[in-house]
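Those protein sequence lines, which keep their order, are chains A and B.
Positions 1 to 402 (this note's numbering) are the ones given, in order, by the first sequence.
Positions 1 to 402 (this note's numbering) are the ones given, in order, by the second sequence.
Please note that a few of the clues may not be correct.
[As the list claims (entries may be wrong)] A short, non-exhaustive set of chain A residues, derived as facing chain B with CB atoms under 8 Å:
hint, residue
1, A39
2, A40
3, K43
4, G46
5, L105
6, A320
7, A328
8, A334
9, M335
10, V357
11, G359
The set of hints was computed from the structure by calculation and includes no laboratory data.
Glycine included, each C-beta is placed from N, C-alpha and C at the ideal position.
Each chain, letter by letter, is given below.
2 protein chains.
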Amino acid sequence: MGIQFEIIARDGGSAARAGLLQTAHGAVETPAFMPVGTAASVKGMGQGQLEEMGAQIILANTYHVYLRPGHEIVRELGGLHGFMAWPGAILTDSGGFQVMSLKELSRVTEDGVWFRSHLDGSSHYLSPERAVEIQLALGADILMTLDDCVEYPASEESLRRAVKLTSCWAHRSKQFFQERLGDSPHSSLFGIIQGGTDRGLRRESAEEIMEAGFDGYALGGLSVGEPKALSYDTAESTLALLPTGCPRYLMGVGTPEDLAEGVARGADLFDCVMPTRNARNACVFTSEGRLVIKNARYARDAGPLDPACRCAVCRRYSRAYIRHLFVAREMLAAMLATYHNLWFYLDTMREIRQAIVSGKFQDWLARMRARGPRIEIGWREERLKGRSPSRDVCYRDFGRNL
Amino acid sequence: MGIQFEIIARDGGSAARAGLLQTAHGAVETPAFMPVGTAASVKGMGQGQLEEMGAQIILANTYHVYLRPGHEIVRELGGLHGFMAWPGAILTDSGGFQVMSLKELSRVTEDGVWFRSHLDGSSHYLSPERAVEIQLALGADILMTLDDCVEYPASEESLRRAVKLTSCWAHRSKQFFQERLGDSPHSSLFGIIQGGTDRGLRRESAEEIMEAGFDGYALGGLSVGEPKALSYDTAESTLALLPTGCPRYLMGVGTPEDLAEGVARGADLFDCVMPTRNARNACVFTSEGRLVIKNARYARDAGPLDPACRCAVCRRYSRAYIRHLFVAREMLAAMLATYHNLWFYLDTMREIRQAIVSGKFQDWLARMRARGPRIEIGWREERLKGRSPSRDVCYRDFGRNL
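Next up, chain A with everything else stripped away, as it sits in the complex:
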């Protein structure tokens, strides 16, 4: 087995747990957030900076790396770890979500998916076996099975078809992975549960995926446009069905509040492009709310992005300077905002873990909920004036990265 998962502490009032996920590339303290390195790079970050901020595991997108530079080149250069010069753990998605997002560029068959590259229109084929093969070439610590991910809303029929296909592909993935396991004894394979927001279908999917048996289980097909309450309910009821001894991964989620709610429902791993993509759009997460740092109100603000933050950016730079960098379209703008946002996410997870370990997670959660959703600072006032200055900037990024 590639990974070992140990639960260190459990919260008394919820399904939250603190764990330790041992991989061939170091330990991952869970709950953990995985910065997204779409094309083998977390946009705007050097690997040294990711280490510095305490990232223990990152995610790379199989679809993107497969197309460019190609998994064979990456294999030659020592897998993603060698290629990227990243010593920590790596999880690769299966490419399924990206292929599904291409829609008119892809065609799903019983056997696999035909798709055209968004880069050059070239034709490619991804089967469950091929997805595992590519991810093994990439040398990931955690591989994901190819799944059929459906958008919200979806007809029951298409949800049911996706669940069936995902189950079938999960069994094929598992079998292929086991045949190849000798080659990559350090890798683990996670199964993905689909079923949209249909509780019955989720149960069906969970049972079929668990039947195949995996090192960990992921909830796919959430954060695809469904109402938040429904998303939380689905996560809660589905996570409750999964073996407690395995790591559970809530894919593509979400805001810092979503992460905390996911933890409360028993999830251990998260990924989302929100901290990195929002950073590039000048939207910064802080303990006081999100702020759109490009806003003119920060032009003379000598304070840090977040007065409560101890990250290298907040210890050095002012809001006024970072605002200037965004206005002047300097690369450093995105670099600093990305660093801070990732730190904020990672630090939130460290805080949550510490709260669970010390038996204070219920207090932490109550405080967070009492504070209410942290929308942008000043957003309420702007709305009172009939304006919605930056909502689209901050809210358009729900869901996973294509």
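Let chain A serve as the given structure and place chain B on it in line with the hints.
Only chain B this time, still in chain A's reference frame:
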């Protein structure tokens, strides 16, 4: 006096010298290269990284910072040092070169320059006094006088007019600076010598500028398109006229080889956008020559950018990875190439200084010259095939930054 300049060692066979320039923001070991932070940011670099690579002084462009965010905001936030959170020395140019480059957007009068912002077309006026005032607001350690910079080739008449105007403005700048000196006892003012490649005019300009008397002297109007030999000759004859006890600044120069030739002719300070701008265009300086890292030949190259380099990028990342980042248009591409190129420039200057101090500069120079111009690796072969794959990328960036 704001700065103190001390000569530590002289080369026996040339005008080269190693010095120590003391500023209110630390010592600068000369000869020194100043990374260019056009809009109060060295593109793609954090200030911590500049410290890490040993930069002791950086340059900021008055024109750009004046237009955005505005010098009053910068003054409020503690000058450029406070605004950028940069603890080292800062030299600001006068804005003259940028204004002259705008051509159809500017109009030069006896009194000063009217120009339109390249950002929004708004009208602005820059006089010698105003240029000093703005630079004092920016809190620079070294200020430059407003000069009239002419392109190459230029008529004798326009060169002569530029020399006269530059001298007149230098006197006005000096007088204004002295009146204000009480406010900024830590600042120093450098005069700029013009005259194109006309030896007589250069002498005339040098004499008039020295008559006004400055803390240091700069050669402007070079690296503006003139042949390299003519540029070297002009620098040599003009630098020989300047007081040996003052720092001498060769503006806008150049390639690493140009820097060494400038040092041999007695220059102490240099700035150029070449290392940073070329980096963003995938052109990397190495001890073996320049390489265009986007080239397909590096797709599987597991070696560092420069096997002889000890920078953080070369110690961690491969050519193959950096090439991938450029092809995938990842921000990290420019970040890593910029870091390496700046390190290469700074390290070349450290090497030169060490050679001067230990009496080996003539050997160093002879080795460098024997090696010949370091064009791109593989460039010769490509040219034999009748192609010129990347000449424009690597060579289009002579001269100073607009």
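Report task. Report the numbers of all earlier hints that the structure fails to satisfy, in ascending order. Result -> 5, 10 and 11
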